[in-house]
Amino acid sequence: MELHQLTIHELQEKIKKGSVSATQVTESVFSRIDAVEERVHSYIRLMKEEALATAAKADENIKNGNIKPLTGIPIALKDLICTKGITTTCGSHILHNFIPPYNATVIEKLTAAGAVFVGKTNMDEFAMGSSTETSYFGPTRNPWDLERIPGGSSGGSATAVAADECIASIGSDTGGSIRQPAALCGIVGMKPTYGRVSRFGLIAFASSLDQIGPFTKDVEDCAIMMNVLAGFDSRESTSVPAEVPDYRQFTGRDIKGWRIGIPKEYFVEGIDPEVNAAIKKAISVIEQNGGQCVDITLPHTQYCLAVYYIIAPAEACSNLARYDGVRYGFRANDVRDLLDMYKKTRMQGFGAEVKRRIMIGTYALSAGYYDAYYKKASQVRALIKRDFEKAFKNCDVILTPTTPTPAFKIGEKTDNPLQMYLSDIFTISTNLAGIPGISIPCGFTSGGLPIGMQFLSSHFEEGKLIQIASAYEKSAKIEKRRPSL
Amino acid sequence: MEFETVIGLEVHAQMLTDTKIFCGCSTKFGGAPNSHTCPVCLGMPGVLPVLNKKVVEYAMRMALATNCEINKSCSFARKNYFYPDLPKGYQISQYAYPLAEHGYVFLNVNGEQAKIGITRIHMEEDAGKLMHDEHNPSSYVDLNRTGVPLIEIVSEPDMRSSEEAADYLKRLHEILVYLEICDGNMEEGSFRCDANISIRPKGQKEFGTRTELKNMNSFRNVQRALDYEIKRQQYLVENGGTVIQETRLWDDAQGATNSMRSKEEAHDYRYFPDPDLVPILVDDAWVAKIRKDLPELPLTKRERFVKDYRIPAYDAGVLTADKALANYYEEVVMFCSQPKAASNWIMGDVMRFLNEEKRDIRQCPITAKSLADMIRLIDEGAISGKMAKEIVEDIYKTGKTPQTIIKEKGLVQITDEGELIKSITSIIKANPNQLADYRGGKEKLFGFFVGQVMKATHGKANPQLVNELLKKMLAGQ
Chain A
1 MELHQLTIHE LQEKIKKGSV SATQVTESVF SRIDAVEERV HSYIRLMKEE
51 ALATAAKADE NIKNGNIKPL TGIPIALKDL ICTKGITTTC GSHILHNFIP
101 PYNATVIEKL TAAGAVFVGK TNMDEFAMGS STETSYFGPT RNPWDLERIP
151 GGSSGGSATA VAADECIASI GSDTGGSIRQ PAALCGIVGM KPTYGRVSRF
201 GLIAFASSLD QIGPFTKDVE DCAIMMNVLA GFDSRESTSV PAEVPDYRQF
251 TGRDIKGWRI GIPKEYFVEG IDPEVNAAIK KAISVIEQNG GQCVDITLPH
301 TQYCLAVYYI IAPAEACSNL ARYDGVRYGF RANDVRDLLD MYKKTRMQGF
351 GAEVKRRIMI GTYALSAGYY DAYYKKASQV RALIKRDFEK AFKNCDVILT
401 PTTPTPAFKI GEKTDNPLQM YLSDIFTIST NLAGIPGISI PCGFTSGGLP
451 IGMQFLSSHF EEGKLIQIAS AYEKSAKIEK RRPSL
Chain B
1001 MEFETVIGLE VHAQMLTDTK IFCGCSTKFG GAPNSHTCPV CLGMPGVLPV
1051 LNKKVVEYAM RMALATNCEI NKSCSFARKN YFYPDLPKGY QISQYAYPLA
1101 EHGYVFLNVN GEQAKIGITR IHMEEDAGKL MHDEHNPSSY VDLNRTGVPL
1151 IEIVSEPDMR SSEEAADYLK RLHEILVYLE ICDGNMEEGS FRCDANISIR
1201 PKGQKEFGTR TELKNMNSFR NVQRALDYEI KRQQYLVENG GTVIQETRLW
1251 DDAQGATNSM RSKEEAHDYR YFPDPDLVPI LVDDAWVAKI RKDLPELPLT
1301 KRERFVKDYR IPAYDAGVLT ADKALANYYE EVVMFCSQPK AASNWIMGDV
1351 MRFLNEEKRD IRQCPITAKS LADMIRLIDE GAISGKMAKE IVEDIYKTGK
1401 TPQTIIKEKG LVQITDEGEL IKSITSIIKA NPNQLADYRG GKEKLFGFFV
1451 GQVMKATHGK ANPQLVNELL KKMLAGQ
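From first to last, the protein sequence lines are chains A and B. Residue 428 in my numbering sits at position 428 of the first sequence, with consecutive numbering throughout. Residue 1372 in my numbering sits at position 372 of the second sequence, with consecutive numbering throughout.
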């Protein structure tokens, strides 16, 4: 096995033993990038020089016995996490040259944990999309089939892990942007509870839904990453000062006697038969492990998509108002006056999907429409939240497919936004309710495309997700395949 | 037709916190452009606001001082509009759930009391400033003021004249300064006011169409703008026109208001709850604590001065208009126990000196102790009122105590009867004609003798004693 193919915990052991150096690991990752990046396009910007410098420092620390949870581990960052002195583009023309003057809280945490940053990964523009096709920097391709999309919006962070172009990565999930690409790329992706991981320095799409989380090669690594990322941040008002457990303690535990909620609303027509079969098979594995599956209902599920596509664009149209060409980023040339500068800057700076959502959001908040749209959506959101509260009285975790279909072809849905939006149908409710979710691989289609399964739990019960995901991972023995690139 | 004016005011007051409302930057006025900024107040991508608790407490003080009910829960909303001085493209303000509502203040205009309702008080952040290059077609943005905390105080449309409006503003201003939550500086924009004004035929219940007036940066201009607008609206209506709903700007030089934008051009601010901030929960204990720490307010102080010091309401009004002045007065009274004399000296000479140099009482070189000592010396007869006039000016100029000045200038009053009798005797001898005339009934000549005595004693004679002795001696007793 090549070093870049290993997990965090496998590399950590080797690093602790002294059998490999951080520099070797980093070099291995960059040689892999050299080999496949041209075809996959995971990254918007690579940070080779910085990475090698960090790795060299990490090796010093290792020599002195100063080894942190991520010392010498190459990590990729979705390009909407602010990195001081390093361009942070959000996949957009309007921020193509934006260099943040400060670091996001998660960057500080990852740095303190010894991480080596590989680069900034590609994404749908402003995280708006489910395929990474709306990026100003061109699409990312699914390593399992280069004709297909990797999912989105954190597509580059998912492919970087799946194609071994890093060991783990950071993404953000507003309506499924971590879990959906994780499922379509055959890796583990977690969206933590809203308020669990600091959003400070995460360029906002929809503030009440956004949450940062990790992509990893297995569940153990997910726990390691969560140990680093989770925790209260006084710089964020919606951060929650809840105690952070050691997530690694949940791996390897059994799930005997657990009640697994199977929501009937998530098993409807339109699910790909192979996805359905894989989930059914996964359910039987869970049952063999002592989990008891119970039927539950989440009655407001049918409204999730509609609610999401009012709340998220409404918040987005306000969050994106600051990109006006006045202080940073792109500014249009040849403008007559202030209004002309605004119009041309935003017309040329934003892509079609971003403009569509700004318009939807602006409309939903307009005088005379607010009550019918935004206010109503907020009320229904409360009902969706209550659905989950009720459901979790009856079960420990909820199990659903992560996506209704495996990865679709590039260009297949770009002309049909509604079809595109439907690919997030199983992941959106989680963000509306603020609860955590994890997607883990549960098999392949006959065509060799990964299939993902999603577990959901109550607020701040990420430990439960890690426990059941780890138990499943150990007993399901999903074939260890690698994309043939 | 006789018209009635209806005025409602929106006052923005800058809170005197050290740091901004949602970040740790300084709120100091001035400073090199953009030197008091950070990623948060610059609205950089990815930043988040964290509320400064002190702003809530300051706003609560004002709410309690104006008899508002403080809501148990309130929250922030985003007011969305594009402008270069607004880096986020939205202002964080309060909309559906303000901090406080349903308050009132009392006015007293021309001896008539009026109760003006306060609709709401809410917190928000200030915007930055644009500076336009006079020689080039470019503008510059200074974001030092961005994120400086403001409260907005919205009145009911309860005012019926520009005098009431001006008095209402003065009352609010006075309270804010008393509470030490706002410096009240109108020129620097720490205290700003917009007005909504309409007219209606006397007796009509429905409001007329209102205009909103902006850009009035002094009490005087508020009153001038309102007076102009009242006349403008009346002229329109009387000549068959109609008032249209619009925003108008006061032009100080022109002495007129000009249309800025019509109702149709008004912004749709698309308010919605700010998802980056959580609701503020205010419990009874917190309110009680803020209430307990409230200082005595101007109105209460005024009433107490009249009652305890037995000074006229007018004096009390002048002395309490500024808390520092009121404190100074009380200190003087404490040292000399002569409330009316203290009031007279402060309102007279002391304030005249200060006004001449545009200083305020905090910069007054006459300490309360010195002024009190001087008042006591007059009372004890050690110096005359006339001498005191000279002395007080010297204290103001030199900061010396009255005792020192009296000693240095030899200003001690002659109260020795024997010495005065000697002096009067020789004056009577030297002016036999005047004496005869006086005794013959020309009583006006009494003043002539007083003047002569004062002249002979270089003004140091105790006037009361001179009067007494002269009366007796001129009568030949």
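Calculated from the structure, these hints are not laboratory results. Where hints are given, some of them may not hold.
Far from chain B by the CB rule (all over 12 angstroms, computed), these chain A residues [to be verified]:
{"no.": "1", "residue": "Lys-84"}
{"no.": "2", "residue": "Gly-195"}
{"no.": "3", "residue": "Ser-198"}
{"no.": "4", "residue": "Arg-235"}
{"no.": "5", "residue": "Thr-238"}
{"no.": "6", "residue": "Pro-245"}
{"no.": "7", "residue": "Asp-246"}
{"no.": "8", "residue": "Ile-262"}
{"no.": "9", "residue": "Asp-272"}
{"no.": "10", "residue": "Arg-322"}
{"no.": "11", "residue": "Leu-339"}
{"no.": "12", "residue": "Glu-389"}
{"no.": "13", "residue": "Thr-445"}
{"no.": "14", "residue": "Glu-473"}
Derived pair list, reagent style PhoX-like, types lysine-lysine, alpha-carbon separation capped at 25 angstroms [claimed, not checked]:
{"no.": "15", "chain 1": "B", "residue 1": "Lys-1263", "chain 2": "A", "residue 2": "Lys-343"}
{"no.": "16", "chain 1": "B", "residue 1": "Lys-1301", "chain 2": "B", "residue 2": "Lys-1386"}
{"no.": "17", "chain 1": "B", "residue 1": "Lys-1289", "chain 2": "B", "residue 2": "Lys-1053"}
{"no.": "18", "chain 1": "B", "residue 1": "Lys-1386", "chain 2": "A", "residue 2": "Lys-344"}
{"no.": "19", "chain 1": "A", "residue 1": "Lys-16", "chain 2": "A", "residue 2": "Lys-57"}
{"no.": "20", "chain 1": "B", "residue 1": "Lys-1054", "chain 2": "B", "residue 2": "Lys-1072"}
{"no.": "21", "chain 1": "A", "residue 1": "Lys-413", "chain 2": "A", "residue 2": "Lys-393"}
{"no.": "22", "chain 1": "A", "residue 1": "Lys-343", "chain 2": "B", "residue 2": "Lys-1129"}
{"no.": "23", "chain 1": "A", "residue 1": "Lys-16", "chain 2": "A", "residue 2": "Lys-48"}
{"no.": "24", "chain 1": "B", "residue 1": "Lys-1471", "chain 2": "A", "residue 2": "Lys-375"}
{"no.": "25", "chain 1": "B", "residue 1": "Lys-1442", "chain 2": "B", "residue 2": "Lys-1455"}
{"no.": "26", "chain 1": "B", "residue 1": "Lys-1358", "chain 2": "B", "residue 2": "Lys-1170"}
This one's a predicted model, so the numbers in the text were calculated from it and none came from an experiment. The beta-carbon is built from N, C-alpha and C at its ideal position, and this holds for glycine as well.
Outcome of the hint check:
1. Lys-84: 10 angstroms, violated
2. Gly-195: With a cut-off of 12 angstroms, A/Gly-195 comes too close to chain B, as the shortest Cβ separation is near 10 angstroms.
3. Ser-198: 9 angstroms, violated
4. Arg-235: Check fails; 6 angstroms does not lie beyond 12 angstroms.
5. Thr-238: Given a closest Cβ separation of 6 angstroms, the condition is violated.
6. Pro-245: 24 angstroms, holds
7. Asp-246: 27 angstroms, holds
8. Ile-262: 32 angstroms, holds
9. Asp-272: 34 angstroms, holds
10. Arg-322: 5 angstroms, violated
11. Leu-339: 9 angstroms, violated
12. Glu-389: 19 angstroms, holds
13. Thr-445: Correct as stated: the minimum Cβ-Cβ distance to chain B is 38 angstroms, above 12 angstroms.
14. Glu-473: Holds, since 33 angstroms exceeds 12 angstroms.
15. B/Lys-1263 with A/Lys-343: 23 angstroms, holds
16. B/Lys-1301 with B/Lys-1386: 32 angstroms, violated
17. B/Lys-1289 with B/Lys-1053: 14 angstroms, holds
18. B/Lys-1386 with A/Lys-344: At roughly 76 angstroms apart (the allowed maximum being 25 angstroms), A/Lys-344 and B/Lys-1386 break the hint.
19. A/Lys-16 with A/Lys-57: 15 angstroms, holds
20. B/Lys-1054 with B/Lys-1072: Between B/Lys-1054 and B/Lys-1072 the Cα gap is close to 17 angstroms, so the pair holds against 25 angstroms.
21. A/Lys-413 with A/Lys-393: Not OK: A/Lys-413 and A/Lys-393 at ~38 angstroms, beyond 25 angstroms, violated.
22. A/Lys-343 with B/Lys-1129: 22 angstroms, holds
23. A/Lys-16 with A/Lys-48: Satisfied, since the Cα-Cα distance of roughly 24 angstroms is no more than 25 angstroms.
24. B/Lys-1471 with A/Lys-375: 91 angstroms, violated
25. B/Lys-1442 with B/Lys-1455: 21 angstroms, holds
26. B/Lys-1358 with B/Lys-1170: 19 angstroms, holds
Checked against the numbered hints listed earlier, the structure breaks hints 1, 2, 3, 4, 5, 10, 11, 16, 18, 21, 24; every other hint is satisfied.
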